[in-house]
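Asks: Listed below are the residues making up each chain.
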Amino acid sequence: MADTAADMPTDIVGALRTPDGRPLKQALAQAERRARIRALVLVLPLLAFVLLTFIIPIGQMLSRSLLNDTFSANMPALTRWFDENPGAEPDEAAFEALVMDLRAAKEARTQGAVGTRINYEVPGTRSLFTKTARRADRIEPPYREAVLDVDKDWARRDLWAAMRSAAAPVTTNFYQAALDRKITPEGEFAFADKQSRIYITLFVRTFVLALAITGLCLVLGFPVAHLLAVLPMRKASLLLILVLLPFWTSLLVRTTSWMVLLQGQGVINDTLVALGVLGDENRLSLMYNQAGTIIAMTHILLPFMILPLYSVMKTIPPSYARAARSLGATSWTTFRRIYVPQTVPGIGAGAILVFILAVGYYITPALVGGATGTLISNQIAFHMQESLNWSLAAALATMLLAAVLVLYWVYDRIVGIDNMKLG
Amino acid sequence: MASTSGRDAFVEFERVQKSYDGETLVVKDLNLRIPKGEFLTMLGPSGSGKTTCLMMLAGFETATHGDIRLDGRPINHIPPHKRGIGMVFQNYALFPHMTIAENLSFPLEVRGMGKSEREGKIRRALDMVEMGGFEGRRPAQLSGGQQQRVALARALVFEPELVLMDEPLGALDKQLREKMQFEITHLAHNLGITTVYVTHDQTEALTMSDRVAVFNDGRIQQIAPPDELYESPQNSFVAQFIGENNTLEGTVKEIKGGVALVELDDGGVIDAKPVNVERPGERTLVSIRPERVEFNRERLQAGVHTLKAEVLEFIYMGDIFRTRLRVAGCDDFIIKTRNAPDQRRLQPGEQIEIGWLPEDCRALDLPAR
Chain A
69 MADTAADMPT
79 DIVGALRTPD
89 GRPLKQALAQ
99 AERRARIRAL
109 VLVLPLLAFV
119 LLTFIIPIGQ
129 MLSRSLLNDT
139 FSANMPALTR
149 WFDENPGAEP
159 DEAAFEALVM
169 DLRAAKEART
179 QGAVGTRINY
189 EVPGTRSLFT
199 KTARRADRIE
209 PPYREAVLDV
219 DKDWARRDLW
229 AAMRSAAAPV
239 TTNFYQAALD
249 RKITPEGEFA
259 FADKQSRIYI
269 TLFVRTFVLA
279 LAITGLCLVL
289 GFPVAHLLAV
299 LPMRKASLLL
309 ILVLLPFWTS
319 LLVRTTSWMV
329 LLQGQGVIND
339 TLVALGVLGD
349 ENRLSLMYNQ
359 AGTIIAMTHI
369 LLPFMILPLY
379 SVMKTIPPSY
389 ARAARSLGAT
399 SWTTFRRIYV
409 PQTVPGIGAG
419 AILVFILAVG
429 YYITPALVGG
439 ATGTLISNQI
449 AFHMQESLNW
459 SLAAALATML
469 LAAVLVLYWV
479 YDRIVGIDNM
489 KLG
Chain B
602 MASTSGRDAF
612 VEFERVQKSY
622 DGETLVVKDL
632 NLRIPKGEFL
642 TMLGPSGSGK
652 TTCLMMLAGF
662 ETATHGDIRL
672 DGRPINHIPP
682 HKRGIGMVFQ
692 NYALFPHMTI
702 AENLSFPLEV
712 RGMGKSEREG
722 KIRRALDMVE
732 MGGFEGRRPA
742 QLSGGQQQRV
752 ALARALVFEP
762 ELVLMDEPLG
772 ALDKQLREKM
782 QFEITHLAHN
792 LGITTVYVTH
802 DQTEALTMSD
812 RVAVFNDGRI
822 QQIAPPDELY
832 ESPQNSFVAQ
842 FIGENNTLEG
852 TVKEIKGGVA
862 LVELDDGGVI
872 DAKPVNVERP
882 GERTLVSIRP
892 ERVEFNRERL
902 QAGVHTLKAE
912 VLEFIYMGDI
922 FRTRLRVAGC
932 DDFIIKTRNA
942 PDQRRLQPGE
952 QIEIGWLPED
962 CRALDLPAR
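Top to bottom, those sequences are chains A and B.
For the first sequence, the numbering used here gives the first residue as 69, with consecutive numbering after it.
For the second sequence, the numbering used here gives the first residue as 602, with consecutive numbering after it.
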């Protein structure tokens with residue numbers, strides 16, 4: 069007993085100590101420190117890369133959905149007036165500030181940017197800013213009458229409400245727009261005008277189409293994955309190459325090939341007409357609609373369903389099915405109660421992979437989707453590249469991200485993330 | 602021992618052949634009758650066709666030719682789930698996504714049995730294998746031995762008359778395996794079920810079975826009760842496959858009065874029982890069990906032929922001694938002696954004379970090389 073006590077001394081609270089008296093925990097941490105530092109050094113380049121090229125730009129992008137200082141930076145005097153007179157109707161001082169700001173904006177050539185910013189909220193007002201700025205040098209006091217002389221639209225209450233809300237650098241305007249809502253001058257949260265409500269429809273369409281594509285991929289991919297898993301090695305490898313072949317072809321090539329097949333005068337329609345299945349006048353419209361998006365995207369995303377399913381199915385020994393059969397189950401019961409439950413990790417992984425990819429897909433719907441087959445990502449791209457309303461694009465993207473995260477959480481609740489096997 | 606006449610055969614293979622590729626036969630002309638209640642073991646090296654036979658009986662493989670009958674009915678075209686045969690698999694094949702109770706409930710549910718009836722049967726089956734109280738566990742939470750018991754309970758819970766077992770004890774350690782061998786045999790006999798058991802472990806086959814069918818090269822080499830199989834192997838494959846065996850090659854000189862005189866290749870002459878040699882001049886492989894070799898002159902029969910031997914190695918194994926000899930040019934002739942107080946311990950280098958009773962030494966066919 070005495071020997072062991074000397075070998076491994078303990079202090080009063082009973083923590084173990086090494087023979088030279090250091091606490092065991094401290095000694096352990098020291099012994100493992102070198103290994104930990106080395107591991108950290110090894111991952112450091114990747115960490116820096118991800119931080120610089122991914123997390124920071126995305127964070128910046130997302131912050132744009134809430135922050136927009138185009139107005140406050142270029143119209144400082146008017147912004148100050150809005151700050152000092154909360155809730156007030158525009159008076160002479162406000163119009164004076166407007167004119168001063170427009171003169172400065174003309175100098176700096178930013179009147180277009182400011183006009184565009186207000187135009188997001190009140191359509192058709194961009195020209196108001198450019199026109200007024202052009203004449204700002206000639207405007208004399210009293211400013212109110214002079215400005216209204218230039219354009220009587222400057223008296224519009226919704227215009228001033230829009231400018232007041234745009235003056236705040238932090239704004240939820242873009243989220244309101246992304247939800248097809250607006251805050252009326254009376255401060256009510258209401259639907260936007262009917263013709264400008266497009267995003268809710270697009271979000272719903274995006275999720276419905278993504279679900280349809282995921283379902284189709286599962287229905288088509290399950291038998292293929294099963295075949296891959298049960299075929300002898302050599303045949304399975306050949307089949308796997310066929311599954312992977314689309315991966316090695318450019319996405320653009322694949323999509324344009326689908327265009328060749330699907331169009332009105334395309335291979336499919338021509339074949340059906342030649343076979344007499346369809347009359348020449350009732351050719352199917354398989355493209356520039358939702359059908360085109362679903363067909364092309366199902367094909368493109370199919371490998372993402374097959375591969376996780378295959379990797380799970382490969383590990384299910386055939387003896388389970390045999391056991392079930394010997395216990396008296398028909399092949400259908402065996403499939404339903406024994407086989408499918410064991411493939412759930414693969415179904416889960418494949419479904420979530422395909423769904424998330426489909427929700428954010430851009431090129432294919434842009435090329436074959438037409439008017440009814442485009443998705444929310446096409447609208448985001450439009451705001452990034454053409455309307456240059458980056459804040460709205462960021463708001464739409466943030467909502468998409470949030471929706472996917474919510475679905476991910478729901479999935480975790482129902483299936484369990486631990487139950488997922490990606491390969 | 603159970604009768605094997607055709608009338609009361611419960612399982613019957615008649616002229617069954619099986620080929621997977623249309624070129625080679627995995628099972629060649631199999632004829633086998635298993636009476637009701639018998640525990641039959643199919644023993645053989647891997648690739649001998651024993652598992653294929655089991656799979657044909659279970660319905661997972663179809664016979665290329667011939668009939669398989671169960672209780673008089675041909676079952677060639679009955680799908681596996683309608684055969685009502687219980688089966689225990691090598692890796693147990695317990696459904697991992699179900700609890701133990703659900704695993705046992707499965708065969709009853711697919712038979713449309715009511716809930717209360719199911720519960721009673723599940724409880725009885727689990728009690729039978731001493732696994733009561735494990736209903737709510739999952740297979741992954743059980744040890745190998747426990748999974749084995751549950752697999753057994755699941756194969757028995759729907760009260761099949763025939764149970765097939767495909768190397769069910771292969772994954773267990775030695776001690777547990779011996780315990781389970783004993784338990785399975787008792788269970789099978791108490792329930793009166795017919796059992797077909799596949800293994801490549803000859804000890805398992807000998808200790809568990811009523812009869813053992815030794816498979817090799819797609820054929821049954823011998824089918825006999827364990828004692829007969831061990832003591833009277835019908836050919837050199839069975840002799841060498843079952844238990845330890847010393848073999849010497851030679852030529853038959855004469856056969857007289859049920860004893861064959863065999864001249865070994867180095868000139869020594871021994872007495873042997875002719876099993877499948879018929880006339881003088883035939884080449885033969887004589888086989889003798891290590892424990893039937895006698896080197897004590899007083900215990901040898903008078904007039905019997907003996908051979909000179911040199912002791913090469915003495916191995917102490919506790920309950921027995923194993924001594925390796927050089928006999929007739931063969932360096933690995935083994936004799937086994939019991940560790941008794943009066944037993945002589947041979948010393949390496951010692952020259953001795955060995956002999957045996959003619960009926961213990963069997964003159965068999967010389968296998969083709």
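If you're looking for bench data, these hints aren't it; they were derived computationally from the structure.
Any given hint could turn out to be false.
Stated by the list, open to error - Here's a subset of chain A near chain B, in silico, CB distances under 7 Å, partners left out:
no.	residue
1	Gly89
2	Ser379
3	Thr383
4	Arg390
5	Ala391
6	Tyr407
Glycine included, C-beta positions come from ideal geometry on N, C-alpha and C.
Asks: A separate judgement is required for each hint: does it hold in the structure or not?
Replies: Going down the list of hints, with the structure as the test:
Taking 7 Å as the C-beta cut-off, the interface hint given for Gly89 (chain A) is violated, the closest approach to chain B being about 43 Å. Nearest Cβ of chain B to the Cβ of Ser379 (chain A): about 17 Å, over the 7 Å cut. The hint is violated. Residue-level restraint check for Thr383 (chain A) is violated (minimum Cβ-Cβ distance to chain B is 11 Å; threshold 7 Å). Taking 7 Å as the C-beta contact cut-off toward chain B, the hint placing Arg390 (chain A) at the interface holds, the least distance being around 6 Å.
A hinted interface residue such as Ala391 (chain A) counts as satisfied when its beta carbon comes closer than 7 Å to some beta carbon of chain B; here the least separation is about 4 Å, so the hint holds. With 7 Å as the threshold, the beta carbon of Tyr407 (chain A) stays out of range of chain B, its nearest partner Cβ sitting at about 10 Å, so the hint is violated.
Comparing the model with each earlier hint shows violations of hints 1, 2, 3 and 6; every other hint is respected.
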